[in-house]
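Colleague: If you want the building blocks of each chain, they are given just below.
There are 2 protein chains.
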Amino acid sequence: MPLLIGNWWVLLQSGRHASSPTDHMQDHKFGPWTVHASEVFATSSLSFAFVNLKPIVRGHVLISPRRVVNRFTELTSDEVADIWHLAQKVSSRLEAHLGASSLTLTIQDGPQAGQTVPHVHIHILPRRAGDFEKNDEIYDVIEAASKEFVREKQGEAAPQNSSQKVDADAERKSRTPQEMAAEAAELRTLF
Amino acid sequence: MPLLIGNWWVLLQSGRHASSPTDHMQDHKFGPWTVHASEVFATSSLSFAFVNLKPIVRGHVLISPRRVVNRFTELTSDEVADIWHLAQKVSSRLEAHLGASSLTLTIQDGPQAGQTVPHVHIHILPRRAGDFEKNDEIYDVIEAASKEFVREKQGEAAPQNSSQKVDADAERKSRTPQEMAAEAAELRTLF
Numbered sequence: 011m012p013l014l015i016g017n018w019w020v021l022l023q024s025g026r027h028a029s030s031p032t033d034h035m036q037d038h039k040f041g042p043w044t045v046h047a048s049e050v051f052a053t054s055s056l057s058f059a060f061v062n063l064k065p066i067v068r069g070h071v072l073i074s075p076r077r078v079v080n081r082f083t084e085l086t087s088d089e090v091a092d093i094w095h096l097a098q099k100v101s102s103r104l105e106a107h108l109g110a111s112s113l114t115l116t117i118q119d120g121p122q123a124g125q126t127v128p129h130v131h132i133h134i135l136p137r138r139a140g141d142f143e144k145n146d147e148i149y150d151v152i153e154a155a156s157k158e159f160v161r162e163k164q165g166e167a168a169p170q171n172s173s174q175k176v177d178a179d180a181e182r183k184s185r186t187p188q189e190m191a192a193e194a195a196e197l198r199t200l201f
Numbered sequence: 011m012p013l014l015i016g017n018w019w020v021l022l023q024s025g026r027h028a029s030s031p032t033d034h035m036q037d038h039k040f041g042p043w044t045v046h047a048s049e050v051f052a053t054s055s056l057s058f059a060f061v062n063l064k065p066i067v068r069g070h071v072l073i074s075p076r077r078v079v080n081r082f083t084e085l086t087s088d089e090v091a092d093i094w095h096l097a098q099k100v101s102s103r104l105e106a107h108l109g110a111s112s113l114t115l116t117i118q119d120g121p122q123a124g125q126t127v128p129h130v131h132i133h134i135l136p137r138r139a140g141d142f143e144k145n146d147e148i149y150d151v152i153e154a155a156s157k158e159f160v161r162e163k164q165g166e167a168a169p170q171n172s173s174q175k176v177d178a179d180a181e182r183k184s185r186t187p188q189e190m191a192a193e194a195a196e197l198r199t200l201f
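Chains as they are written, first to last, in this note's numbering: chain A, 11 to 201; chain B, 11 to 201.
Do not rely on the hints blindly, as some may be mistaken.
One copy or two, either will do: identical chains are not told apart, so a pair holds if it fits within one copy or between any two.
What the hints assert, rightly or not - Calculated lysine-lysine pairs in the DSBU-like style (CA-CA distance at most 30 Å, straight line):
| id | residue 1 | residue 2 |
| --- | --- | --- |
| 1 | Lys-99 | Lys-64 |
| 2 | Lys-39 | Lys-99 |
| 3 | Lys-99 | Lys-157 |
| 4 | Lys-183 | Lys-39 |
| 5 | Lys-157 | Lys-39 |
To be clear, the hints were calculated from the coordinates, so they are not data collected in a lab.
Put together the whole structure using the sequences plus the hints.
Modeller: Structure follows, in structure tokens:
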């Protein structure tokens with residue numbers, strides 16, 4: 011009965027990985043750290059989308075493969091397709107939901123490109139006219155925020171600021187778990 | 011004879027889109043402009059990879075879908091998978107070939123994100139320690155270079171420089187068609 015076998019296979023897959031409401035209720039690894047279920051707002055079979063501790067702009071989110079993989083080239087062909095299909099879905103719904111007009115999508119792939127967490131992640135940032143004085147200043151802030159994320163996770167004190175942009179970043183306060191959960195709950199309704 | 015029909019279909023597809031040596035010998039549309047065959051160094055069924063008029067770093071290349079599509083969300087599911095599979099292949103071979111240690115992969119998706127050519131394109135930039143004084147300064151230069159590309163294609167004179175970074179960019183000279191063809195020929199050997 012090949013059809014039944016097929017159905018069972020689908021059920022098994024679905025129980026393991028499907029993007030169902032309950033599937034959000036699990037923690038994920040983000041490099042050596044944990045992204046709590048409350049911070050995850052969308053999932054696909056091989057990837058998950060989550061909110062940020064210190065978003066650069068409203069709706070600045072991250073997408074990672076479920077498997078802990080450091081570099082983009084280490085992703086399997088299925089993971090590449092899966093993460094970018096999820097990124098496309100998240101992008102379009104986020105932009106519409108937040109009334110943005112453009113998006114920055116970027117991977118800092120490796121330490122010399124500014125990657126701080128050793129786990130592939132796509133930054134998605136809804137953009138609006140004039141959101142940054144210089145359009146690409148946003149990347150400086152992404153990098154400063156990434157470094158700060160690691161520092162906070164490691165429980166270190168913030169270093170002395172050495173530039174205006176890091177000053178600007180330091181003014182942003184880490185969000186509470188409740189604030190992050192509230193944003194994730196809001197975004198979860200889009201999926 | 012389903013097998014024969016299948017083979018014919020494959021042959022037809024292959025004649026139209028395969029990544030064969032001769033397939034590089036065709037021009038592609040890049041928004042309203044043409045990327046000449048000599049500038050293309052890798053192709054897949056739905057995408058093509060090409061060299062830059064003014065690369066920011068050695069090996070700064072672009073990848074676009076063959077179909078002229080403005081925004082990332084407009085790509086079909088097949089196009090999303092195809093362009094990122096090609097990007098992954100290009101990334102790993104480029105990094106190894108040029109002895110780089112990281113990569114910046116980015117899409118400026120829409121004008122408010124710095125997109126100047128209305129045709130989806132992934133920037134891939136091999137990165138090395140210390141290649142830019144501030145790691146993410148590279149994005150400012152990407153944007154300045156994108157604007158310059160459009161200006162040159164439109165045959166306009168370069169404007170007065172208004173910032174140090176645009177000054178730095180203005181020092182870079184547009185490459186000749188011969189220089190671009192030579193780089194594409196070098197990179198083509200990797201595929």
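Colleague: Any hints this thing doesn't respect? Which numbers, in order?
Modeller: Of the numbered hints, all hold.
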